[in-house]
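For what it's worth, the numbering used here labels the leading residue of the sequence shown as 387, then goes sequentially.
Hints were generated in silico from the structure; no laboratory data involved.
Cβ coordinates follow ideal geometry from the N, Cα and C atoms, glycine included.
You may find that some hints are simply not true.
To be verified - Each pair of labels, with its calculated beta carbon distance range:
#, residue 1, residue 2, range
1, 567, 595, 39 to 49 Å
2, 485, 446, 21 to 31 Å
3, 485, 429, 15 to 25 Å
4, 600, 529, 15 to 25 Å
5, 389, 601, 37 to 47 Å
6, 542, 600, 24 to 34 Å
7, 479, 606, 36 to 46 Å
8, 469, 603, 35 to 45 Å
9, 499, 472, 30 to 40 Å
10, 599, 459, 20 to 30 Å
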Amino acid sequence: MNVSDAVARRTSIRAFRPEAPSAAMVREILEAAARAPSGGNLQPWRVYALAGAPLAELKAKAAANPMGEPPEYDVYPPNLWDPFRTRRFQNGEDLYATIGIPREDKPARLRQLARNGELFGAPVGLFFCLDRKLGPPQWSDLGMYMQTVMLLATERGLDTCAQEYWARYPRTLGEVLNLPADHMAFSGMALGWRDEAAPINRLRASRDPFETWGELRGFE
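Work out the full structure, taking the sequences as your base and the hints as a guide.
Structure representation (structure tokens):
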């Protein structure tokens, strides 16, 4: 599989099969992804891969506290504005449409939201952390590392779903991961093989055309 194929196939999967990839395969992906660029070669990422009993412990703690905890950062800016507000709204509507949940069925939507805390049934959870004294450029570096993980997983036939949902559980993640006091959790990621029969996995989030966000200047 070439890079273009991996980019085209990668999508956020929200229903996984229970079988887990081996520890060797997960480590291989995480180590290979460390070739991702970072400013000054700081390599600001710190990654924890959970499966089995440790992952079950985390899921249980999240289920016992569905309201979450005060986050250490805002996943979205307050009072999100257009075009970002419309994109987010439409993505939510498209997602719930795949599983037949209308907008007025708030309890069903909350139940689906809670599936984040189960990593959508994925057998492996990856958690990406960094020193809290680092700044936005290093957060960007961590994002490039995560994207590299997702593409390498795709190359190996695996699927992923990046989950900033876990920003709602900073204290819980700190306890379960035994994070150093000077580190914070940025994002989780579900990892495994997609359930091909699950309707929710048919969603392909839309993308605006190039003309909306890009310009070419100075070309012949």
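field: Contradicted hints - numbers only
entry: 3, 5, 8, 9
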